[in-house]
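The numbering of the sequence shown is numbering that gives the first Met the number 0, which starts it at 0 and goes up by one.
Some hints could be false.
What the hints assert, rightly or not - Only pairs whose alpha carbons sit at most 25 Å apart, straight line, appear in this in silico PhoX-like list of lysine-lysine:
hint : residue 1 : residue 2
1    : K11       : K108
2    : K218      : K250
3    : K59       : K176
4    : K250      : K37
5    : K271      : K16
6    : K16       : K250
7    : K23       : K59
8    : K16       : K66
9    : K176      : K11
10   : K16       : K59
11   : K23       : K11
12   : K66       : K37
13   : K23       : K37
14   : K66       : K218
15   : K37       : K59
16   : K176      : K23
17   : K215      : K59
18   : K172      : K66
19   : K66       : K23
20   : K271      : K11
21   : K11       : K66
22   : K59       : K11
23   : K172      : K23
24   : K37       : K16
Derived by calculation from the structure, the hints in this document are not laboratory data. If you're wondering where the values come from, they're calculated on a predicted model, not measured in any experiment.
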Amino acid sequence: MEDITNIPPLGKRRECKAIVQATKYQCSQDHPMNTRLKQLSSGRLKRSSFTLETRALQRKHQEALPKYIEPIVFTMNNTPCEEKLGNVTIQTSVPLITTKDEQTSNVKKTLTMSMLEEQYPSETWVRVYTDESAINATTNGGAVWGNEQPDRLAKYGAEQQQEENPVCFTEMKTIIKSLFNTPQQQDSYHQLTRSEQTTIFRLRTGHNRLNQHLHKVMKVVPSPMCPCGEAEQDTAHLLQSCNLHQALRDKIWHSVTSLEEKLYGPVDSLQKTTRFVEETGIQV
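Taking the hints into account, I'd like the entire structure generated from these sequences.
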């Protein structure tokens, strides 16, 4: 199931959580675990202790993890957001603008632009390009005259010895999670649409709305039998042998096709399977 859903295995997820938690303890200077992680472990023969496990994981990934991390400071003062918003002025009106009936929209626009130019000069604006007009100036050095010198300086700086700056806990957490993420697979299953993936996943795992699962696991239908009355309604019966859908089966698959091919074959085979299920009208 982990391969199908592209989710990291449970062991990797546990290791990731352990390193994140240990890093949080190390950033919290006043936490009791901060001292325990720095000291030698008293139970050296106890292989499953949190301290020993996390130390081993940190040694394993020490080349990819930053060496310095900023401590977490807990304070009861104003939050950083409140401090930044302390100097913010909210303007809710424009001088000289009266009622809607007395002034036209052009007059209101002129008064508004005049106020913006007076109180917020255009020289101090931060311009955001949303029409891709600035792409040429930021890609491959740009085609704008004068970019050559900044490009040379940037390349020179990248070649020099880089200083190790401490990272915050949030950034460290992101780096740790990236070490344990499963690379996105490009197999046939992951080339399907979301709805097609859902259908194939339910058919593969058996966790679906066919009568066998609804009867034996969910206990919501009285019988696991297929409406054809010949066998229990499961994935294999639906795709391979149910007589109620034999005509549709012959229409989609012109030759004998194995269940393995229908569930784990190339993209076109999986799409045939999802089309078959859709045209039967059965909700899986």
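For this structure, which hints from the list above don't hold up?
Per hint list: 1, 2, 4, 5, 6, 14, 17, 20 violated.
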